[in-house]
Amino acid sequence: MRGKRRLATMMALFLAFALIAAGCGSDDSGTGSDSSSAATNGDGGSDESTPTTDAASDTVGGGGTLTLGAEQEPDCMDWINTCAGSSWGSWMVNYQVMPRAFDFAKEGDAWVYEPSVLLAGEPEVTSNPQVVTYKLNPDAVWDDKTPITCKDFIYTWEQVAKGEDVYDPSGYVDIASVEATDDTTCKVTFSKPYAGWKSLFGGLYGVQPAHLLEGKDRNAEMKDGYKFSGGPFKLESWEKGTAITLVPNENYWGPKAKPDKVIFKLIPDTAAAFQAFKAGEVLAIYPQPQIDAIEQINAGLDDVTSVISADTGNLEALWMNNGKAPFDSVAVRQAFGYALDRDAIVKRLFGGIGVEAAVNSLNPPILSALADNAAWSGYKLDLAKVDELMTGDGWAKGADGIWAKGGQRASIEFKTTAGNKRRELTQQIVQEQAKAAGFELTINNQKAGDLFGQQLPAGDFQLALYAQVLTNLEPANCGLFCSKNIPTDANGNTGQNWTRTNIPALDPLLEEVDATVDDAARAKANKEADKIQAENMVSLPLDPLPNIGLVSKKIKGDVEENPITSVFGNLYQWSLN
Amino acid sequence: MLKYIIRRLLYSMPALFISTFVLFWAVRSTFDPAAKFIGSRDPTTYARFKEKWGLDDPIPVQYWRWLKNIVQGDWGESTASGESVWSMISRAFGTTLQLIFWGVLFSAIIAVLIGVYSAIRQYSVGDYVFSGLSYLGIAVPPFVFGLLAIQILGVLLGDKLGLDGPAFFFVGLHSDESGVFSWDYVRHLVLPVLTLTVQIVASWTRFQRASMLDVMSSDYVRTARAKGVPRRRVVFRHAFRNSLTPLVTVMAVDSALLFGGLIITESLFSIPGMGRLFFNAIQTGDAYVVMGWLLVSGMFVIAFNLIADVLYAVLDPRVRLA
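Order-wise, the sequence lines are chains A and B. Each step along the first sequence adds one to the number in the numbering used here, with nothing skipped, and position 228 is 228. Each step along the second sequence adds one to the number in the numbering used here, with nothing skipped, and position 139 is 1139.
If you're looking for bench data, these hints aren't it; they were derived computationally from the structure. Don't take each hint at face value.
Dumping the calculated DSBU-like pairs for lysine-lysine here, alpha-carbon to alpha-carbon at most 35 Å [said to hold, decoys possible]: (1) B:K1050 - A:K324; (2) B:K1050 - A:K227; (3) A:K256 - A:K553.
Pulled out of the complex, with its shape left as it was, chain A reads as follows:
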């Protein structure tokens, strides 16, 4: 009898503990060439990706539940705060729920800003001072049917320009005033010309709802997820570390979302993500272009639409320290440019997924409309040219085949982020090619924090391999190449011209790019800047880090890659039916 009672007690304790253990984890309360984009089928076929259609469907949902894979989750969802800034956060939630003034669309071969459904048309722009007048779509409403008005623009500006702990106030701090002419007309006056005005009231921040957030702690309201929406979807839940769930915003005035529900499951491990995708546990993944991902694709994927695009906001380059020997000599930099077969390098890295051409501008491919896309095209493998330039600069080859001058060998320290297999492979190929041309490269890789946090800003490098990534369609090259941005005590060592580029003829052109509103004049200045940079070989552009979207053919609807909003940019059109 006593034994039975003890058994019953043990079983009750076991069940109670099991319930507690199982319940603890069920927390549902929390609310990244040829400038071409091609879609290839898993069976080896190839289709042109279908352009986005803006035709609005009348009905919400009906398209089933889409379970998709995500490599990362955002640290928080207060997009203005320093805790945000995650690309995955923008792709999964921000671009799906926040209204924005401009969309990113392809026009011919170029990516351009296009007025979104939030606007009634192209804003009016006047100069001296720069005034942008937005006419809002009178149908535009938040999910609670409150109209989206100029008050929301004013609130967003004040939060970004005057708020605390802001991720990036660029552009907003150049606004002198935002005034409501009427409910649907918003007049934005700039204190100084700002060329990138189309990136404002959208981009990483969107337009924020004044009627819900004014007078409240915005960060507290938004950081763990929020229910309001001015986009095709609403955030249903954010189960941190596990999943983000979206449902359609029934009151969205634009094209209605087709899926009944979208679940982004967090799968940080690339191998696990591919397994989950192949097994059908998730219906789409957007892996980084690492070697293992490319090998998985080349191994073959059945019933998959692969969207692989070299038309990205990424630019991976060989960044040269123009202030440090031997790259303080223009001739040496140029010779190094002729020492490498960049197309062969890109083909080795990404040829398996159809990306075979090197980038020939220091602007990422999505800025092709503003860039001289052939500026570096003359730099092809030419060992005779290397010999001519090096000997002309007083260098002579030693017995070991390495150039030397004044007792100093052309031995160059080559740095990148440790542990990145694709970059390590790139280094090995570059090292081999450079050696054949008489340059000795010594690989010395670093932790990302040390490289980007200390060594590059301090100029403690000769040659480095890393990528610049754009999250909008605005050139950022003055920040990277204007002499005023070389880290010095004068700018608090916060300048980002780590290559120590100092070309007097370049500065005014890049400054003009940042301050000229006229697109044609801006493009002309930027192309001229590209040309000067190439002539002086300030650094050597390499590859566009292609974007890879893999989508199961179970998903119906247009599947395309948008370099800003990702393969999930037109998620609202996807459906299982």
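For this one, chain A is given, so just place chain B on it according to the hints.
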């Protein structure tokens, strides 16, 4: 006994204090949580972030600030997300607890059964097979076994059964809207628990086998057999219970180590537990989260070691704690 427990707890405090300082110093001097702002379009963001979190202060000053707050029950906030460290730890702990509970439960049952069988059938074919499998289980890294389990029991079995997806899931612990103890939960739990269980079972089986063999060769068991007590009764009434004592202490100590998380298992199966929390926090230099993790896992190691000692004394009357 009480004096012993209090003394053991007091002895543990300096160890916890020193380990938190060493880890804080290591994280702060190795990782820069503000590094993600270095390429920002606004060059002042980096400096603003460092000022906000006091990252320019000397490391001992930063540690003292953390220590003062933790004594007052303030676990601080994550420098990456701004979320309360306590809520992050609680959430991750709940998830890891599920894995540990099921993993330890199944491991204990299987290890005891195999261990006893191997001991009473020593040098039999079955004993050799289980011994071989044990060595294999100890030798194969969890990530290899996990990947094999995913491929075979997840992908291939799903195909074989003609399912529209894997037979057993391998992303997270549940699908959307699935309830506690649902079939969906079981399908998510099988592979990570199996991966966790294999290595533990392999090791515990060896302990149980050795312990059982030791007891079976003891004088009192020999006496019982000589007196004609049936073999089954000797094994289960006399030998089995006494053979559990060493295994129970090993189980307590091993389980405590699991509370720090299962980095590989949790990463492979995309489970947001303590191991992944620690791994992510280390990668981003999120020192306050790392400290919270260390405190919780450290306290569990201390507590379970103590429990193991106490249990040993309770189970074996010959042991006296002083």
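Hints not upheld, ascending by number: Violated hints: none; all satisfied.
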